[in-house]
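Mind docking chain B on chain A? Use the hints.
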Amino acid sequence: MNAVIRTENLVKRFGHVTALDHLNLEVAQGETHGFLGPNGAGKSTAIRVLLGMLRSDEGRAELFGRDPWKDAADLHRRLAYVPGDVALWPGLTGGETIDLLGRLRGGVDKRKRDALLERFDLDPRKKGRSYSKGNRQKVALVAAFAADVDLLLLDEPTSGLDPLMGAVFNECVKEAAEAGRTVLLSSHIMSEVEALCERVSIIRKGVIVETGTLAEMRHFSRSRVRATLKNPVRGLADHDGVHDLTVNGLDIECSVETAALDDVLAQLAVAGVAALTCEPPSLEEIFLRFYGDELAASGVPNGEENGS
Amino acid sequence: MTTATAALGDNLGTLAGTGKLLRFHARRTRLYLLGWFAGLVGGTWLIAAAFPNLYPTAEDRAGYALTVDTPAMRSMTGPGTYIDAYASSTGAMFAHNMLLWTGALTAVMFILLLTRLTRADEETSRLEVIRSEPVGRRADLAAALLLAAVAALVLGALIGLTVLGVDGADAEGAFLYGAAHTAIALVFAGLTAVAAQLGAYSSSANGLGFAALGASVLLAAVGNAQDNWVTWLSPIGWSQLTYVMTPEQRWWPLALGVALGLLAVWLAFTLVAHRDFGQGMMAGRAGRAEAPASLRGAGSLTFRLTRGLMWAAVITMLLLGAAYGSILGSADEMLANLSEEQRQVLNRGGSSIEENFAATIATIDALFAAIFGLLVVGRARKEETDGRGELLAAAPVTRGRWPGSYLPAALTTATAAVVVGGVSLALAGAASLDDWGSFGKLFGASVLQLPAVWVLTAFAFAAYAWLPRAGWLRWLVWLYAFVVAYYGQLLEMPGWLQGISPFDHIADYPAADVEWLPIAVLVIAAAAISALGYAGARRRDLHFS
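Protein sequences, first through last, are from chains A and B.
The first sequence begins at 1 in this note's numbering and counts up by one.
The second sequence begins at 1001 in this note's numbering and counts up by one.
Hints listed in this document are in silico derivations from the structure and should not be mistaken for laboratory results.
Treat the hints loosely; a few may be bogus.
Have a look at the derived ranges for each label pair, beta carbon to beta carbon [as the list claims (entries may be wrong)]:
(1) B:1229 - A:133: 47 to 55 angstroms
(2) B:1532 - A:205: 34 to 42 angstroms
(3) A:18 - B:1030: 27 to 35 angstroms
(4) B:1400 - A:295: 43 to 51 angstroms
(5) A:30 - B:1274: 52 to 60 angstroms
Cβ coordinates follow ideal geometry from the N, Cα and C atoms, glycine included.
Here chain A stands alone, though its shape is the one from the complex (with noise of 0.2 angstroms):
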């Protein structure tokens, strides 16, 4: 209902190349959703036409239910924006590029700040030429996590950061959520966006493929079952829902469509069951279906046959 980012068959070229092909996104107020993607997919043309830096050429983007191209200054106040490769200025410090920031959004909570800036393990002192790449980065993340504004735009914001600190950015976008910001965490770190995230939409050559829950995604999916059987089992490989099965003496293994669980674990059960584990699919192989024909062409197999 209320929507804090909505674009409609969103269209923008750079000459020849379609970068956003009618994209359809939605990210509703409060919630922390997951923008999923390869590299060159579209995240960050989308991301920069809702900031207003580029135009689009068809559709409709809304921010806050406003047009981002003509109100860019007005609605930067409610939100921060993380890049996934930032650039400073190479005479400027890490601390005085964190205080700029914050003044044009209208003022520094010193408190807020310092407190990052000691989660983060950043020295405020050097000069922005000689921070390292995740040091760069922390410096765009201190700015916008010590910002108080209502929407959080995050693209690929943990690049070059070290684990530890991926397990501080992760805490600090639970507080945000929290604290009821909104977040657009563009990423293809999956168990960055499956810790994180409950909603996730997942970009393709410009084109959202697929939106929802993490819960509503894996029920399209496959379970992978495992199990060490008493007896031997009969007529598994000729079930409609079950694919990819590997039979090793009373060891079996299978992909399972959710529809046919309990068809499955049923004939399991008559041959009876030592040993059993079940496994959603993770949100990796959810995403490598829709990749699938990309992984074959350059020679990897399909993603869910991938998962033993």
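Coordinates of chain B only, in the frame set by chain A:
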């Protein structure tokens, strides 16, 4: 295996991969090199072609020799030995007038080339990838220096071929003239290689290189003005001291340049082993943890980021104004020696030669000041291509503030440059004329150029706003204005062609009375072009890489 060969092998190990890197460097700098070759050789060719027509007879040249033979003019050209040969050889006159300037530009080319291939690559971590390959610790420096040496030889040969046709230049003279540029190139490539080891960043390495160049030009100027030994302290002076294309022509002063170049190369190779990757010998300092109160918005950030250019403008214009101002005093001597035709060329309708000179100098000064306005506009583009502007573009900042604030910053810098240049010109001019009443006239002549400078700067901004990729456009327009101001009369360009340059519409005060209407029109034009620029800045996509 003796220890000697082992040590040799170890030494060669630090140079492993030099050949491959050399080819790689050559490939990625080919456009840079071609551009500079074209500029230096093309400029030399143009002026070499024009010179014989400007002063066709020995009498013309002898007359000009008298006007040039003053300390002030010698400081801006070269040693007096050339002047003695003016009558007998156009080549001597050409070399005398050109060598200091094309020599200095050659130095700029090689300073930028060396930092580009060494420290700048370290900062962007491009070199890190290369170092992880089977490539020795000194290989990148060796490859950069080898490429510079090859480029220096090619440049010398091209310039030699270009001046072969100049009257008074035999083959030896022509190639000595080329070699004079090669020697300067080698010296500054070597010195910058040392600077690259010392500076904390590539910008400080560039700064050290340019400081060396500034000192060289200044020492040559001081030495030539007094025609004494001080010229021998300057690498550019050594090239001038070959007395190329005069009867006293000689090669051996160039040996000093080659020797200093080799010494610098040896020093650079010694230092490179004593510093860490990505670090200079002189460490950078820790900065502020918090922003000063003055840094509170996109506008103040722009002004802070362009502060360095502002200082460069002020210092350059102080020196330039003082240099031109000090010539004014000797204008009287010149007048006595000028032919009637020459007086005609200089005549801007003023009652005295000083006033005619002042009007010309004020325009040239203002054109130099405008360069700094254009450089500030260039910074706006750089913020975009380097991706730094992205953080601002995502903040509550209108397009009018970012990148819009680069226009006021550019206008402020250019205006300060004109005013400082005017004060400096007026002070030095009044002193050399020994007439303090002329201070107001000289200062007024400089300040009157402001509307034209504003038009040029506003155009540069509008060009950036509408056609961000066409950075050459602003320089093309500047170059056009420069050609009109310098050579417009000489080349007998039609009036409407000269009229394209905004400077053409400013009256030749103090040689002529001030005309206020064209000035008002220029101010309005500057405002209109600015508005057009802002419209462009609001309209286009911002592309950050």
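Consistency of the hints with the structure:
1. B:1229 - A:133: 47 to 55 angstroms: Once the Cβ atoms are compared, 53 angstroms apart, the range 47 to 55 angstroms for residue 133 (chain A) and residue 1229 (chain B) holds.
2. B:1532 - A:205: 34 to 42 angstroms: 38 angstroms, holds
3. A:18 - B:1030: 27 to 35 angstroms: Since residue 18 (chain A) and residue 1030 (chain B) have Cβ atoms about 34 angstroms apart, the given range 27 to 35 angstroms holds.
4. B:1400 - A:295: 43 to 51 angstroms: For residue 1400 (chain B) and residue 295 (chain A) the Cβ distance comes to about 47 angstroms; the hint holds.
5. A:30 - B:1274: 52 to 60 angstroms: Because 58 angstroms falls inside the window, the suggested range holds.
Figure legend: structure checked against the earlier numbered hints; every hint is met.
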